[in-house]
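Enquirer: Listed below are the residues making up each chain.
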Amino acid sequence: MLEIKNLHVKLEEEEKQILKGVDLKVDSGKVHAIMGPNGSGKSTLSYVLSGRDGYEVTEGAASLDGEDLLELEPEERAAAGLFLAFQYPVEIPGVGNMTFLRTAVNAQRKARGEEELSAADFLKIVRERAKSLKINADMLKRPVNVGFSGGEKKRNEILQMAMLEPKMCILDETDSGLDVDAMKLVAEGVNALRDEGRGFLVITHYQRLLDHIKPDVVHIMADGRIVKTGGPELALEVENNGYADILAEVQ
Amino acid sequence: MALPEIKQTATEARLAALELPTAGCTKPAREAAVARVREMGLPDRRDEYWKYTRPDTLVQADAPKAALFDNDEPLMFDQIDRLKIVFVDGIFDADASDDLSLEGVQIERLEDICCTDIHWAKDLYGVLETRGHNPVPRPLAALNTAFAADGVAIHVTGKPSKPISLIYVHKDEASDAFLHHIVRVESGAEATILENGPAAARFNKCMEIDIADGGILHHVRSQGRDHERRAVTHMFTRLGEESVYKSFTLTVNGVLTRNEQVIEILGDDAVAHVAGACVGDGDFHHDDTVFITHDAVNCESRQVFKKVLRNGATGVFQGKILVKAGAQKTDGYQISQSLLLDDDSQFLAKPELEIYADDVACSHGSTSGAIDETALFYLRSRGLPVADATDLLTLAFLAEAVEEIEDEDLAADIVNRLESWLSRRR
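Residue numbers (full-length UniProt numbering), protein chains in the order written: chain A, 1 to 251; chain B, 1 to 426.
The set of hints was computed from the structure by calculation and includes no laboratory data.
Please note that a few of the clues may not be correct.
Unchecked claim - Under 7 Å between C-beta atoms, here's a sample of chain B residues computed to sit facing chain A: (1) Lys324; (2) Ala325; (3) Gly326; (4) Ile371; (5) Ala375; (6) Phe377; (7) Tyr378; (8) Arg380; (9) Ser381; (10) Leu384; (11) Thr390; (12) Ala396; (13) Ala399.
To be verified - Chain A residues, not near chain B, derived (Cβ > 10 Å throughout): (14) Arg52; (15) Asp53; (16) Val57; (17) Thr58; (18) Arg77; (19) Asp121; (20) Lys124; (21) Arg225; (22) Val227; (23) Asn240; (24) Ala248.
As the list claims (entries may be wrong) - In the SDA-like style, the derived pairs of lysine to any residue whose C-alpha atoms are separated by at most 20 Å in a straight line are: (25) B:Lys84 / B:Asp112; (26) A:Lys141 / B:Glu408; (27) A:Lys30 / A:Ala248; (28) B:Lys246 / B:Ser187; (29) A:Lys110 / B:Pro385; (30) A:Lys30 / A:Glu196; (31) B:Lys320 / B:Ile355; (32) A:Lys228 / A:Ala244; (33) A:Lys141 / B:Leu395; (34) A:Lys153 / B:Ala375; (35) A:Lys141 / B:Val271; (36) A:Lys141 / B:Ile355; (37) B:Lys122 / B:Ala32; (38) A:Lys20 / A:Ala248; (39) B:Lys320 / B:Val360; (40) A:Lys110 / A:Glu165.
Keep in mind that this is a model prediction, so the values were computed, not measured.
Ideal Cβ placement from N, Cα and C applies to all residues, glycine included.
Excised from the complex, chain B in its bound form (with noise of 0.2 Å):
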């Protein structure tokens, strides 16, 4: 079916902005990438998987400026061993990264991989976001596989020692950023990617993950603050047999964010939690965006989702658990919760469930309320200002969604951030 006219018109003059990067091996893939984006047409604030989330400095041509962050804060996961991978506006850099070899782990810089035709890269570079597209066409993700300038294929082989981190550097008030990672975890391999950082002015992140059986990834993310920095983010996995992978998303500020986690789960008894803590002060959007399908027997999801939202923030949650027939004792949890400390703040939640097995425990919530007065009369009768009261409840209610880090370490240095952001903030 042809393209609205508009949506045709605001795709090529996307296109027409972009050029094609001369990588060579995934050139092909680049190439029907961008016949994929021609189909589906870029989003607009017609489509309904966009009602909640106004798409167009997403799509426009030039990225809307943002202004650099005055930032005095610690770097986060400071106090974490790690394997340092630096990119200054959505550009490797060599200088300010760690050697890239870890014992257990190979880890290539995208133009780098040579254009042999075994690379295992060649098999999973755009694969998963092509499959990505259902029950809606992500045509923001596609564009990513097309004009990608730089990402890393992080191939896990083992049980690296430290975790990977992927972290993103905002220099330039007008960078327009396309990262492209993609990320193999082979049987019985175990690894931990970080990311973190604003990234850009405007920053367009695509990872594909293929977890093989057994084999688990653990990915936590702590989107950087700048107020003004827009992204989009798609994060596509597969699971095979027995794998498991927990991701958890930390976002603070930034005027814009879509956030979308589409995972397949192919293979028996895996495991897919994703998470995230969200913390919105000020003229802020940010989308969390899940499709999870089940398509194998005895297999658990989770998706738990926290904002707390003041001063005119929006928070949106649109989450989809798809259980296809033959999924037996699927197990499915979904809740998202926000917290509106004022009237001018809002939550947008659409939880969705689709089940065509008949042997499943599925469920999902989702509620938005104000700071429990008695909890906080409570607070302050035993002498805490209220202030302190307030952002100890606060805390108490992400909570739940920080729990989910499996790693102490990572999930005291995210609670740290909150306590000291909530302090900040006032």
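So that you can see chain A by itself, here it is in the shape it has in the complex (with noise of 0.2 Å):
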């Protein structure tokens, strides 16, 4: 179970509070959905809890599963069950996509004690996985992301996903850049590693991606706080009416 209470987040470099006091709970097998303007927060968000440079949290906690995710190096959040599925995926030129895939399946199984996948056992699993998002074994030898189209990059972040199988997962914008075929074969990839032991956090503008994947809750996040919460219903008020009403309520 994912936890926050009360995040209040600042950029280091500068004195502009981002988050003001984020309260949310995703349990495990659920869907939650965050919805709001630009500006919102909702990226910061999802790079804070995932331990990236640059920010300074003044205040609050997030935890998954009792444990201080803000204590954490990222690489020791990512062992400890947290994916972010990032809205822009890196390019890291000459660095084969399966020997990453491989390097930090085998490193987070270290990190957790659990013995490494030999070169066999995870070439079977990855290739059955990359067929599902359609995944060919060009791109799986080509470097990470170089030179993969936008549908591509985040098909790649999907196969990440299930070769990790975290325990908390959050998309962040997975939806942007995509036609509808990609984000079919995107929000696919996803509902089959929906689990009772795996909760998601879903960033997204559009109401479009929750058609594909049904949320349990939505919530709008608006000047850095969560401002209302309700079930895949708000998804379509936002969706018919713009954030101006409901903003304008709850002010």
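Starting from two chains that each stand alone, build the complex the way the hints lay out.
Expert: Quick look at the structure:
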């Protein structure tokens, strides 16, 4: 379970408060969506949870299954079961996708005191999971995300998620830059991973992703806070009326 | 023009400390080389060509001592089937070496070459070195021609089944070694030459390579990582029509290394690639100086140099492509890049193009940068500890240079070595 309490975050380099008291609980097996206008702090929340530099937590707490996330290095958070699907997956020239995946899987296993996967076992699993995401052998061989299309990059994120089997997945605008078919493929990949033991936090601007990944709970974020929480119908309301009405209502 | 007095004094002091080997057939070449050294004078720090690298310790009469490196690493190229030729502190070790006979190549120790007038070695020893003092003198190479105590003549007439592996062992803390090799690749012949090892406390190596029309030579070198060793090496290569020369050098540590490659492309449709990967960690100075002359039509040259520097290491790259008038359709590429892992390290680059033909494609680029923080975070967010992530990005950075090695087994050997060195460094 991901639990965020009264989280206040500012930029490290300047006096700009971005998160102003976020409270959120995501239980295992549930899918929560966070929607909100540009600049409301959605992506910042995902970066702070995964441990990116450049942010300072001034107040509040965040934990995963009781473990204090904010005390951990990014790699320790990953080993604890947190996964962030990036809005802009990073290209890494010179590092083969397959090498990267195997190194990541085994680094996490090692950190958890588990035995590393043999090359043969790894290969078998990665091929099977790549196939369902329509990731071909060539994409596995190429350097990480280099020369990938927008859709391929996002599918590659989901493949990493499938291989790393995290307990809590944060999807940061995974629908951005995707056409309808690519979005369906990504959503299918996510849905295949829905499981009693796994929670999801789906960050998006638009309702349409939520047609494919059905959320249990929808939150609206604005100006660094969660201002409204509801069921899937809340997303439809945003789609029909925009954010203005909701924001006016909560103010 | 007379040399400045200070240079003349330093040069004479060095010459006085050396004795000309008595070897017969190279004697005239050696005597001529001494005269060249006197005429040029040995380099000092006032020379523009040595602006970024201080030559003092390479020139002074006594070699600075270099402690032997306690090394439990597996031997380089150990998994490769090869013909081993071993030199200990610059002297051929027959017991440690393989039998020198191999189909497709004749290998002779320089001093065993009989003094007949017709031996091919006579037309090569010191000849390419003499041609190579352009656009600047390279007096340490002439000094080598004069005083090289040992070396081999490799005559490639076919396609030998395995690489010829020159292994340089360092056993004496005060050794001052000169090795001079000459290589002739005949028309249509093809061979691979490997070099590895720290060689000596101070090592001066010269290799002259003549590749006839249609000949192919691959060269892969790994310079030992003994921290205190010093090396100055020159490779002079002449290429005929449709010939190919591909050279890769891996350098890890060593207090001072200057590698010069001087390549003359004289035949049409020839290809010359030189690449280098270097990892410097600590008080370490590594200089790659390359000069490629295009003097024929439709030829290709590539220079790819990558240096990873930290803890005060210095990397130098001086690379020049000269395209002579008439060398049309030249395709020249040059890239030098450094990855600076901290603020104490530096990279000094002087890329140059000089072009007198009007139908050519030449490019050069040089960059210095730190580890990409976004990529580092991406890898860490997937569970890689920061040190592993840094190593992975470092290897990826070096990969472009290592990929210049055509033979997959040799490239894999180099990558394994880099991985092991990077992880040990922590």
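Enquirer: Which hints, by number, does the structure contradict?
Expert: 1, 2, 3, 4, 11, 14, 15, 18, 27, 35, 36
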